[in-house]
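Chains as they are written, first to last, in numbering that gives the first Met the number 0: chain X, 0 to 711; chain V, 0 to 210; chain E, 0 to 336.
Do not take every clue at face value.
Said to hold, decoys possible - Computed far set for chain V versus chain E, every beta-carbon distance over 12 Å: (1) D60; (2) Q64; (3) G85; (4) G99; (5) A112; (6) P172; (7) S173.
As the list claims (entries may be wrong) - Partner residues are not named here, just some residues of chain V that face chain X (Cβ under 7 Å, in silico): (8) G63; (9) Q142; (10) Q149; (11) Q152; (12) D192.
Claimed, not checked - Computed list of lysine-lysine pairs in DSSO-like fashion (alpha-carbon distance at most 27 Å, straight line): (13) K92(E) - K68(E); (14) K123(V) - K68(E); (15) K169(V) - K68(E); (16) K50(E) - K185(E); (17) K169(V) - K92(E).
These are computed hints drawn from the structure, not numbers from a lab. Where a beta carbon is used, it is the ideal one built from N, C-alpha and C, also for glycine.
Below, each chain spelled out in residue letters.
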Amino acid sequence: MGRAVGTSVRRMDGDDKVTGAAKYVDDLSFPDMLFGATIRSTISCGEIVNTHIGLPPEFVVADHRDIPGANHVALIDPDQPCLAEGPIRHYAEPVLLVAHADRRALFGVEARIRFDYRERTPNYDPERSDTCFKQIAIDKGDLARGFGDADTVIEGEYRTGHQEQLYIEPNGVIAVPGDGQITVYGSLQCPYYVHKALVVVTGLAPARVRVVQAETGGGFGGKEEYPSMLACHAAILAIKSGRPVKMIYDRVEDLLATTKRHPSVVRHRTGVTRDGRMTAMDIDVVMDGGGYATLSAVVLSRGVIHAAGPYRCDHLRIRGRAMMTNTPPNGAFRGFGAPQTQFAIEAHIDRMAGALGLDPLRLREINALRPGDTTATGQTLGKDASALPVLREAVKRSGYKQKRRAWQGTNRGIGLSLFFHGSGFTGAGEVKLASKASLELTATGARILVASTEIGQGTRTMLAQIVADAMALPYSSIEVHAADTDAVPDSGPTVASRTCMIVGKLLERCARDLRRKLGKLTPAEYFTRHGAVVVTAQYEPPPGQVWDDQRYAGDAYGSYAWGCNVVELEVDPVTFEITPTHVTAVAEIGRAIHPVMAEGQIQGGTAQGIGYALLEEVVMRDGRMANAQLTNYIIPTPMDAPLIDVAMIERPYAHGPFGAKGVGEMPIDGPAPAVVNALRHCGFDVRAIPATPERLMAGKLKVEELAVESFS
Amino acid sequence: MSPDGMTGAPGLQPGHSRRNFIKGVIAAGATVSASSYLFRTTIMGQNDGMAGAVERLITLDVNGQQRRVDVLKNETLAMTLRYKLGLTGTKLGCDRSECGACTVLVDDVPRYACSVLTHSVRGKKVQSIEGLAAPDGTLHPVQQAVVDGQGFQCAFCMPGFVMATVGYLKTNPSPTRAELAHGISGNLCRCADYNKILDCMMVAADKSRGA
Amino acid sequence: MPPIRDVMPAFELFQPASVGDALGVLDRHGADAWVMAGGMDTFDWLKDRIKRPKVVVDLGMVEELRGIKDAAGGLEIGAMTTLTTVAHNPLVKERFPLLAEAALIVASPQIRNQGTVGGNVSQDARCWYYRAGWPCYRAGGNICYADTPTAINREHAIFNADRCVAVNPSDTAPALIALDAEFVIKRGSAERVVPAREFFVGPGIDITRLTVLQPGDLLTAIRIPATWAGKAHYFEKVRDRQVWDFALVNIAASLNMSGTTISDARMVVNGVAAEPYRLDAVEAAIKGKPRDKATADLAADLAVQGAVPLQHNAYKIPLVKALVKRAIRGEAEWATS
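Next up, chain X with everything else stripped away, as it sits in the complex (with noise of 0.2 Å):
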């Protein structure tokens, strides 16, 4: 037993990836199909007063009027129209479909359609928005004690801004219409969330709704609630027409009107002793939740969570607010919200150390969360708490401390960041997800049963692992149903680095259940004399968790992910380009199901860090991305990743699968904060990303201003 976790076996998916007969949603056609295209406001705020469409009867064109159901998109407030109505909170909201038979004459349609507005100014600064979707206040102590049991108080401000998912396949469906029921295809990550929508939108029963993921290329986050309002699109003008419908968004279209990751400001107020331990965090958390809520509520609720980083402190304030702006709403995004707060906190930490004149390695030392600590939620850490233990691989791989005192006063840079990451939903979110995951016998073995999507990351491949050895069988015996809403249970949102700790504990409970029927007969004779059998089983929280979502206290994740990320880079002192040249980055992530996948979680979370680091930028004119395009909006290519040693320490955590926790979403949170602590290192006060040149070169000046001053 046991011979599949733990080892790299073959990935279920390889032969057909690599021939290009992998099927993504554009690459399926269904008769009498047509395009469809959407048409956006072209403002950022008011409302529509009237429209003037000049379109030929062959065009299908459908509005909100269209909607059989109730116009929003369901996911957790209803605020979202599906199509506008009349008022406009965002640019490029939807407002009209459009459809025909060939694809090409939807070019031009929008110069047929025009929309006469009365515009209302605009907001698109979050600190000065009046409506906010989300507050959410963690106290811990005595915030004044704290303080006064400080030496020093430092206080910073960190921003971050938008990122841009940029999965390299643009978002698509098809929606194909029955007699009375819908079937919706698509590149998408939670089938489940998309049900739900059209179920409200089309007004259907649920049983007669069905979605089935296709082959998906990539998601981040940005698969997890867009899908919804492109499935329920495309349903609209398939009921319409009576003609199956697809839409597939060209890159530009996916860029402007897609959502994107938060952008935040975050101030920290620390008050620390002179040796180094944090007496007191005040902590304040904007986000821009942009024009609608999505999933803003919950994004923010990961980020204040981690706000106070992987450091224990008895006294703390934390208060977020997600914000609504003018601008495309914003959503799930690896990391979710923790990328974020996580680089304010790890920079933070970086200035408190230079300030107190410790090396930053030793305050991350004193402070670290150990077991038996509690964090900013008052939750009692296992012996998984794995701060020191990665914190120390990372440096000692990495040879941190020699070269941070050889290259001092250099051009070459070198700077840690310790970070944690919760895996799964937060606080009592699983309980009230409810999970199931079934298993099927099946003559040759047993066949997986969940709605848990395969986007990249080796789901199909993990869970059979898990299974395989759960029920003493050979990895190659288990078999992965397609994420098929009328053929797979509910298993929950493939996000929230849940699918391996969650839904494969599920079924690692499945195939021991399974077993057991089994008793000591092969799948091949039980099948032979009892038939198909299935079991499922539905999710229960582990003994004692507890969690009160009024006090925002309690055990808010089941178990915690840790990372440490050392980045070494070189700037050119006179472009200020900056190269990283080196990361580390070591993981304790449980138990590692599969090594090379789960060091590919690692090694792209941490490049899409450095990319967000250093490169992507989305700028923001007006309300609208205005540089929506691959070339202007930049992500790393294979000359701009660094080399990434990866290093997995393993804590097995007794609730997870073998001991897995969750690896997906960690690794984005800490390269961020490692390059602008190794800048710097090098002599650049840098507390905003991306770190662009022009940025350092600022950085640099004012740190040779306050220099002249000092002397002066």
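Since the structure of chain X is provided, determine the placement of chains V and E on it from the hints.
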């Protein structure tokens, strides 16, 4: 039987592995690839009726086969391959020469199919990802190295990366890792699995030389 | 906003097989014709439907426009020679590594495989207001959107702006000017040869184009004299990302050394003005001087005289100075800066 009161999926036999998914979809009414992606001749604003120097009905050499196809003058190779010839392995990520997902070989040279007029490849050999494996299904060494080394995640970029590598190795069969990175730098992978991709492609270079 | 952008408007397509045929088509269609070399600059314009030419003349079938041949110790490069060919050609690498380096750093491998040297020097400005179809000076209007208080203009000009602040984006153009290249232009049965520097025009001369090419003109070849063969050179390109990106600033320099002093020099920066910006004052000042720090400092100050930054591109001034210093001192500047 199915759990939780779910009904059998129309068109999908119970018990489909992922590999069978597409067959299932086809049974439900989909055709893979899309001659129905419709490039009709009677298009609004289309002036192809004008006398011109270029014939629309042309023969293309694609993956070693002669393919007779009606090509509009303003049509890109990516469109022809994907929506007329059903070769959907060539992906479109940006349609602007900015991501590399559509990379194919034209006379052995990697090109962005989104930015090549189909008419300009008349008389040239076009090779797409579908034409890389041997007729018996044996994978090309580059494909095999990617599968063996698991150098992919979502893999939407992978056909482009494979074609770019195959083309690059024809000009430099023994690259250093840095040379290879430069040679295939015209392709983006947002899963950012670059280290693994380069590992695999270096192995592929070794294997290709041995082959 | 257009709902889709991946199909070009219809056009008549010509694929001539000879220069003569191409000139004939261009002559017949005049301003209606769009000359397409590799197409790397063309497709964006057409897909975005900002330009809607009636006729596209694809030069891809004209074999006589491709190739590199010896010309009295110099080289003649066909305009349709791909950047990959230029970058790897043994003659180019041996005689004019400056050009090979510039060609090798353009965009991405696939773009270099298709993009041509003629196209690279003839490409249009990248100003995103202009490319997005705003009715600016360059597009025939009477405003510059990149030169307003709220404009995004970090890529724009610091020298010689005249209403329009767009810059020339080419990497090979400054290299060819620094090599005293000449451009061969045919029109009907006539041929003219234009020094590289005069091939490019600023807004003061013609605000709607970056080169002297007029409808009916065909750039057929680039001739590089033997003058700078085997001489010292320097090329550097500063950009945000190591692939695809256009230069924020690039520099191309040829240096003729007698002993340790500079006897003659060419120095050109691009990405700073509507035409590649030749540093005449620097060239004159460094003549007879050694490649040392004093010369570099002097040259750096001279290089940026007259620079006028916009809101977001003041960084280009120290950047130009830095690149000039490096061009003069080479590795030494890297070691000490």
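To see whether the hints hold, each was checked on the structure:
1. Residue placement check: D60(V) keeps its beta carbon more than 12 Å from all beta carbons of chain E (closest about 16 Å).
2. Under the 12 Å C-beta cut-off, the non-interface status given to Q64(V) relative to chain E holds; the minimum distance is some 23 Å.
3. Against the 12 Å criterion, G85(V) stays outside the reach of chain E, whose nearest CB is about 18 Å from its own CB.
4. Not every C-beta of chain E lies more than 12 Å from that of G99(V), the closest at about 7 Å, which undercuts listing it as non-interface.
5. Distance check for A112(V) against chain E: the nearest CB is about 10 Å away, which does not clear 12 Å, and the non-interface claim fails.
6. The Cβ of P172(V) sits about 15 Å from the closest Cβ of chain E, beyond the 12 Å cut-off, so the non-interface label holds.
7. The claim that S173(V) lies off the interface holds: its Cβ sits roughly 16 Å from the closest Cβ of chain E, which is beyond the 12 Å cut-off.
8. The beta carbon of G63(V) comes no nearer than 16 Å to any beta carbon in chain X, farther than 7 Å, and the hint placing it at the interface is violated.
9. For Q142(V), the interface hint holds, the least distance from its beta-carbon to any beta-carbon of chain X being 4 Å, beneath 7 Å.
10. Proximity of Q149(V) to chain X holds as hinted, the smallest CB-CB distance being about 5 Å (cut-off 7 Å).
11. Annotation: Q152(V) was flagged as interfacial toward chain X, and the flag holds, the nearest CB pair being 3 Å apart, inside 7 Å.
12. Satisfaction of the interface hint for D192(V) is found here, the shortest Cβ-Cβ separation to chain X being roughly 5 Å, below the 7 Å cut-off.
13. This hinted pair checks out: K92(E) and K68(E) have alpha carbons roughly 13 Å apart, not beyond 27 Å.
14. Of the pairs offered as hints, the one joining K123(V) and K68(E) holds, with about 25 Å between alpha carbons and a cut-off of 27 Å not exceeded.
15. Under the criterion of a C-alpha separation no larger than 27 Å, the hint pairing K169(V) with K68(E) is consistent with the structure, at around 24 Å.
16. With a C-alpha separation of about 24 Å, the suggested pairing of K50(E) with K185(E) holds against the 27 Å cut-off.
17. Note on K169(V) and K92(E): the hinted pairing holds, with a Cα-Cα distance of about 21 Å set against a maximum of 27 Å.
Comparing the model with each numbered hint stated earlier shows that hints 4, 5, 8 do not hold.
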